[in-house]
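Novice: Input sequences plus hints: build the corresponding full structure.
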Amino acid sequence: MDNFQPPGENYANPRTCLFHVLFKAAALAFYILSALFFNSFVIIFVVTVFLAALDFWVVKNVSGRILVGLRWWNEINEQGESVWKFECLDQESLSRMNKKDSWLFWWTLYLTAVAWIVLGIFSLIRLQADYLLVVGVCLSLSIANIIGFTKCRKDAKKQIQQFATQTIASRFTSTIQTAFSVV
Amino acid sequence: MSHGDTIPLHPSSQSDIDEIESLINASVQAGPATVLPARPPSPPRASIPVSPSPFIASNLPPPPAYQKAATAPPPPPAPPVLPVSDAQDGRRQNIGSAGFGPPPNTLTEPVWDTVKRDLSRIVSNLKLVVFPNPFREDPGKALRDWDLWGPFFFIIFLGLTLSWSASVKKSEVFAVAFAVLAAGAIILTLNVLLLGGHIIFFQSLSLLGYCLFPLDVGAMICMIKSNVIIKIIVVTITLVWSSWAAYPFMSAAVGPRRKALALYPVFLMYISVGFLIIAID
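Which chain is which? The protein sequence lines are Z and A, in order.
Last residue of the first sequence: number 183 in my numbering, and the count goes up by one each step with no gaps.
Last residue of the second sequence: number 1281 in my numbering, and the count goes up by one each step with no gaps.
In silico lysine-lysine, DSSO-like type, Cα no more than 30 Å apart, as pairs:
| # | chain 1 | residue 1 | chain 2 | residue 2 |
| --- | --- | --- | --- | --- |
| 1 | Z | Lys-60 | A | Lys-1127 |
| 2 | Z | Lys-99 | Z | Lys-60 |
| 3 | A | Lys-1225 | A | Lys-1169 |
| 4 | Z | Lys-157 | Z | Lys-100 |
| 5 | Z | Lys-100 | Z | Lys-154 |
| 6 | Z | Lys-60 | A | Lys-1116 |
| 7 | Z | Lys-99 | Z | Lys-158 |
| 8 | A | Lys-1116 | Z | Lys-151 |
| 9 | A | Lys-1225 | A | Lys-1170 |
In case anyone wonders, no lab produced these hints; they're calculated from the structure.
Specialist: This is the structure:
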């Protein structure tokens, strides 16, 4: 999986895409279908939450990097304050990113959160607090990723704009200086 | 002579300047201009790989990149550059950008490497919080690299152990244990914040989760031996251990007059979990 993919309409990183979707789908499927097979809430809880946590980790550390070139994390600096760091690839590579990859990335991210919300509403209607707990945990994991990546993307756009203006400014000044030195 | 670029170039001869200049022009979208001024007198810690800058030359594996950043000589092929938005604290960010660095390295960086790094962070956090070590008195340093994976595993483990030990109502026990611990950690953190303490939300959650480790051990022992006396003794010991682990962080976060207010709920929570462990049969 590297950035130098052949041009085309296919996914550039099929394996990463697969993993990106795999754990989300597995968590949702297990949650929905498990009532048919397992009586024990504990198993349902642990497995679903575990799959959701795995998915969170995969999206944050692997597919975010590979599919859209974004990464976010939190640090605590010397003064003891918490700082959110966002990282993105430069403009060149960003434009080289496969469109299908990033489409898949963003859409599955949003759709999963919506699916969990719907399931949460169901369990609310049925007044099942335990299942609401499961849904709550999975939902918070999805939302955390959504917020992180959205902020990261906005940050990337802002940075690119700053680059652009500053580059233009510096080239402009250098052009003027050259003009003056020639004259 | 340079074309009056405002980009601070490294000390170099004329040919180097030309080479660098051509690279700048070639990869102008990479915007080296903004990244360099962003960290002017940068100590080598801050390792933003910038295309004209030395860092990219490295297809170095992460550990060396951790240390040096800006010293290797230029001619890089300008693989994708990673501008970081506020790049002041180089120490931890090295892990991030080194993990992210020259992409061929980190994209193929086996996921296994990331896993290993996260696992080792859990272990080191655990050692910092629960076992005696010189950093305990300084909460700012001790749990600097907080993470929530450790607490997650510990809470789940505790819930599972309690559930397994219970002969009836296993699901309720699990759900209650998990909900109490999770909600308890959040509420305790809010408590400290409302008392005017200086604590970071996730750091505190992380801390309270790691302090569950002794209770996990206690619960496991109680699962194996079900003599009540032994249970009481074991739970008391682990309870004291947990409280001792949590004490420095919580007390340092609030002013001296409010220490008891901040600490009392923590002890209460651990005591109630302890009772849960004892009472399960």
